[in-house]
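Q: Residue numbers (this note's numbering), protein chains in the order written: chain F, 22 to 688; chain E, 22 to 688.
Keep in mind that the hints are not guaranteed to be accurate.
Where chains are identical, the list cannot tell them apart; a pair therefore holds if satisfied intra-copy or between any two copies.
Derived EDC-like pairs (lysine to aspartate or glutamate); straight-line CA-CA distance at most 16 Å [claimed, not checked]:
no., residue 1, residue 2
1, K582, E615
2, K257, E277
3, K516, E37
4, K177, D83
5, K321, E95
6, K273, D174
7, K254, D92
8, K282, D394
9, K282, E293
10, K177, E37
11, K549, E615
12, K94, E317
13, K492, D643
14, K534, E608
Quick caveat, the hints were computed from the structure, so don't treat them as lab data.
There are 2 protein chains.
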Amino acid sequence: MPSTSTAQRLAKGQKEISVSEFFEKNRQILGFDSPVKSLIMGVKEAVDNALDACEEAQMLPDITVQIEKVDQKEYRVTVEDNGPGIMPTSMPNVFGRLLYGSRFHAVRQSRGQQGIGISATIMYGQITTGKAATARSKVEGAEAAKEIDIVIDTKKNMPVILREDYIPWNEVEHGTRVSFYMNGRYVNGRQSVYEYLRQTAIVNPHARITFIDPDGKRHFFDRATDVLPPRTKEIKPHPDGIELGTLMNMAKATKERSLVKFLQNDFNRVSERVAREICSASMLPETTRPSQMTLESCKKLLDGIGQVKIMAPQVDCLSPIGGNLIRKGLKHVLDDVKPEFYAPPVTRDPKVHSGNPFLVEVGIVYGGGLPRDQTVQIYRFANRVPLLYQQGACVITKAIENTDWRRYGLEQRGGSGIPFGPAIILVHVASTKIPFTSEAKEAISSIPQIQEEIELALKACGRHLKTHLNKREQKNKTRAKFEIVQEIIPLMAEKTAGILGKPVPDLRGTITKIMDVVWIDSSVTFEKGRHKVDVTIYNYTPKQQRFSIHTIVPNGCLDEKRCSLAPSEVKDGEKVSWELPRITSTEIYKLSYELSGLDAEAYQDVDLYVSGINPVYVMGADPLPGDWDVEGLNYTESEAAEPEPDPEEAEEEPDYDESGEDLNDDQ
Amino acid sequence: MPSTSTAQRLAKGQKEISVSEFFEKNRQILGFDSPVKSLIMGVKEAVDNALDACEEAQMLPDITVQIEKVDQKEYRVTVEDNGPGIMPTSMPNVFGRLLYGSRFHAVRQSRGQQGIGISATIMYGQITTGKAATARSKVEGAEAAKEIDIVIDTKKNMPVILREDYIPWNEVEHGTRVSFYMNGRYVNGRQSVYEYLRQTAIVNPHARITFIDPDGKRHFFDRATDVLPPRTKEIKPHPDGIELGTLMNMAKATKERSLVKFLQNDFNRVSERVAREICSASMLPETTRPSQMTLESCKKLLDGIGQVKIMAPQVDCLSPIGGNLIRKGLKHVLDDVKPEFYAPPVTRDPKVHSGNPFLVEVGIVYGGGLPRDQTVQIYRFANRVPLLYQQGACVITKAIENTDWRRYGLEQRGGSGIPFGPAIILVHVASTKIPFTSEAKEAISSIPQIQEEIELALKACGRHLKTHLNKREQKNKTRAKFEIVQEIIPLMAEKTAGILGKPVPDLRGTITKIMDVVWIDSSVTFEKGRHKVDVTIYNYTPKQQRFSIHTIVPNGCLDEKRCSLAPSEVKDGEKVSWELPRITSTEIYKLSYELSGLDAEAYQDVDLYVSGINPVYVMGADPLPGDWDVEGLNYTESEAAEPEPDPEEAEEEPDYDESGEDLNDDQ
């Protein structure tokens, strides 16, 4: 066959592929690669949209998900929300066209960003069942809802409306309901619709979610708070890491007529001063016309941007879950396993990847009933959406694997890979643009900046874990020593005395000499809406001791009248100090206080601090941190108590070693 | 803010997103997520296209890849091939438009399938450097090459030609050269352009690849064979697992006017008899008009297809690498570590996923200088393309993790996860459509049918490994026993004889009674273009032995004149048998033979077989397989020698337990 004809034959075969045709043939890219996962994907896309719409309109979401079994393979999924609704004219494109949406161009945190999800779901349903989807929506003030039966013409990527009606929908003021048929398989377990909704509820405590499973059983995830997360603000692109191509497009499109104004008005965090600095660092006149900038001058500008220090983006374009909610969410999930320790969650400051702000949050839970001989469990979230699949492809997993957990008390062969131990590691990445590895949005790409931030957060949280484990070990050792001393010494004394025919001596002084420790124990009991805290202080030192003890209580809850000793100070309604009386050697002193107005589980761990005594002699309380006056003691506490500061770990902004990337990837 | 306005505001923001705009913002999905990887991706897309085009035209590929450093971040990549060329009119769309191509609709194995790769690469280059790409192509018989400078209008996903010329390109008869600038980083190591090209050469031994690195150094991967892999045949969709939607589209589009003809002519492997069976199983008249089939009758048809046994697809739409080339490729790579064992590669028969034929090949290498205290190395290939990234996301990795390697002699905590040990596992998946997890084509989705096939192939290959390790252990044990016996018994005898004042007895009979084994050792030496093989047979049994010994030599290489004993038979020029003379107890017999005309490394391992003796008494040779007459002895050998058939493992087609999928995924 002469080669010209190959070229001609190839040319003849070449044609355009419509985006929906592409995804029809590659639906695994959208996450529709197994029946179980497909059903979860379908629910997820519809719920993501509902949550986004409610957040957009600042409404408390009330979402109902129903899955009905049609036959052996086919299910019907219905998702209804109380959101602002969709304009009747927009409905065909929203539900029937891929790559169509409102959030793609916005620099703001949201769940949907691609304009693919719900229409891809409808397309998948149509491919596997041959049936149309039905969408109904009512906007506030409208008299009726619009309802459409819709399929997608995949060759053209255009909606085809099979039926449209206006129908009364008096039960609701506004909202959207979409239902579609799809092949799938309903299961229970770690990767299931139920689990997806449960994890969604954890990180969206303002949402109320009702789930009706195929057996008709109702599951109800009530909202834990009526406070909406603040609506994330849309910002301009941040100049850090911006791509040359993007910069050139922006320069071409701007309305500004000088470079300095362009920088100042089209970018996030560029003040006039910074804009001038950039111009000077780029060696470009401030009056340069952006629209006339050449490739060369754009490259200079990019270099200039790289030389000027620009503030990190505002946090308000992002919606972190926050330490309290992370802790609460985890506690809620782990009710049954009763972990021994919740490391204070770490929320990092916003950073930027390719001009997109992002931040990382990490929480670690340890011990209790968590399985000891397995790899740790990883909970991954991106913009408050749980990621159940493709753990191995995710930068979160890579960052965990790339961290030497042996330093933080977990078992890990060779210091890399997923560690073993009774722990859960939760990581949330929030960004105005999450760089997912595929349209299925199941895993985050290994962007070096993001991996670095996750690793720093993991290390910070890991240090809390290590501190706890060190304390536990120290306490266990001291307790063991104490028990041995208390048992053996009297026996030895008795025996010796018997042999020598002398009376058994008083050994308390000897024991205290050996122990040389002030031992502090605390316990909390809850009864009739009140927490009672008992603190017991044993002076096992050979000297008398006089010191102060401090703790933090939930604001305004301390019942000062019911303290066994009046506090010497109560600061900001939460920082309580007691000046203890003199405690002589071998004496035991008991202190108690009461809290009122709290839920039972709202106060379980007592963190105690001491001052006026060398803290190396104290077991069961930490030295009072230097910033007792400062907010967020919980966090700084462990840093102050850090037993072995680790010189190898630069906590803040190490120069990122890019040469590591080929080694770190895919290990 | 009233909600209507939210709906209106959202509606106003909604717009179409062009596919190139989408990938511009989500270039990590295309694999452009780090500078190192981007450079590899760019080379890969261009090389994939070159190999595909040459294969299409049945030409032996001659490909030159050059990478030049422009500045700190910027590189220029040039890839030139001797393929059939691209028609001048097609060039703009091929290089300047995403989702445009000739291979998307074909049911045939090829590297590119998406119509995204090269244009996405050019787009990435344009975004990061602002520079146009240059493409030049000449088709056979043309007087000049067409050359264009091209950029992509990402808002419209359309090519923009900045320059076009016809220029003489007399050095070549036909071919294509594309060069583009991109931000990247050139590195060496496990994930590098060099490694990608090296692995490409391994699985494409018919290609000649020249690589000029940024330092100007030339690396040359010569072709190992002049035989082109047969051009894969385009086939019709196979009915197995076909989607309802696809079926409905096919029924609507067919030219056939009866169901039975439609089935027979539009599908792979459906004969008239099978077509009739399907009609009857579907309870649809054979004369049904396909174009008028309803949703209900299409569903019935799908059910009917599921009930009828349909032949697996022909292998000729696929291009397996083949056991020999896998072994050769691996040997080539592992020259320096000298592994102790290459398990005979396993190639499974073609199977079907969603109507797409596929097959799986697996090879395992063990021991030698491979690192012992690390996880095994995994080499992944899809349609002869090495996959260097996203190992954790790939069904190949999942299948490996899901296999209990402890049964096959590798260390693996809890029987799941990537095993540890001195081994390399190579897996190649060939398919008319590889279901990649994303457009970056770095990992294969967890399609249950594919995972199952990989696991079966891994187990089959794992059994070879286990057989080898068992033999080795048995041999080591026997050798240890032998050494002890040979050392201790004479010492004991001497001592005892001394005490009793008697002469030291002849112990050979005693030793053979204890050992009771025929020990066969072999060694190969290479000198002056000849292989000399020495086989030593020790009769450590108390009886005389008479048996035959057999081996396979490369065809026609045996120099019969130089055998120490004339063979009793030489079958097919390669199967050689010797009838050995009687060997008395404690006697040592030596056999030698020579081979000529082979490269040094072409003959290193001697596989010996015995007959006429109970094989349980023989160390160092296997029982002669029952199918000594059948080709592929290498493979059946280990199965015959299988020491412990494993009842828990169904080798062929276990009913796939779908309920496993939620557990297996992402572990």
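Q: When no copy is specified for K282 and D394, does a C-alpha distance of 16 Å or less occur within a copy, between copies, both, or neither?
A: neither (60 Å within a copy, 59 Å between copies)
Q: I want to check one pair: K534 and E608. Are their C-alpha atoms no more than 16 Å apart within a copy, between two copies, both, or neither?
A: within (14 Å within a copy, 80 Å between copies)
Q: Cα distance capped at 16 Å. Does K177 pair with E37 within a copy, between copies, both, or neither?
A: both (10 Å within a copy, 13 Å between copies)
Q: Could you place K492 and D643 in one of the four classes (within, between, both, neither) given a Cα distance threshold of 16 Å?
A: within (10 Å within a copy, 61 Å between copies)
Q: If the cut is 16 Å between Cα atoms, do K582 and E615 qualify within a copy, between copies, both or neither?
A: Only inside one copy: K582 and E615 sit 9 Å apart there, 103 Å across copies, limit 16 Å.
Q: Between K321 and E95, at a C-alpha cutoff of 16 Å, which is it: within one copy, between copies, both, or neither?
A: Classified as between: cross-chain Cα gap 14 Å, same-chain 58 Å, threshold 16 Å.
Q: Within a copy, between copies, both or neither: which one fits K254 and D92 at a CA-CA cutoff of 16 Å?
A: neither (45 Å within a copy, 38 Å between copies)
Q: At most 16 Å between C-alpha atoms: does K257 with E277 qualify within a copy, between copies, both, or neither?
A: within (15 Å within a copy, 57 Å between copies)
Q: Up to 16 Å between alpha-carbons, please classify K273 paired with D174: within, between, both or neither.
A: Classified as between; 14 Å across copies, 36 Å inside a copy.
Q: Tell me, please, which holds for K282 and E293 at an alpha-carbon limit of 16 Å: within, between, both or neither?
A: Within one copy, since 8 Å is at most 16 Å while 75 Å is not.
Q: When Cα atoms must be at most 16 Å apart, do K94 and E317 count as within-copy, between-copy, both, or neither?
A: So K94 and E317 pass the 16 Å test across copies only (15 Å; inside, 59 Å).
Q: Indicate which option fits the pair K549, E615 if close means a Cα-Cα distance not exceeding 16 Å: within, between, both or neither.
A: For K549 and E615, the Cα distance is within 16 Å only inside one copy (12 Å; across copies 95 Å).
Hints 3, 4, 7, 8 from the earlier list are contradicted by this structure; the remaining hints agree with it.
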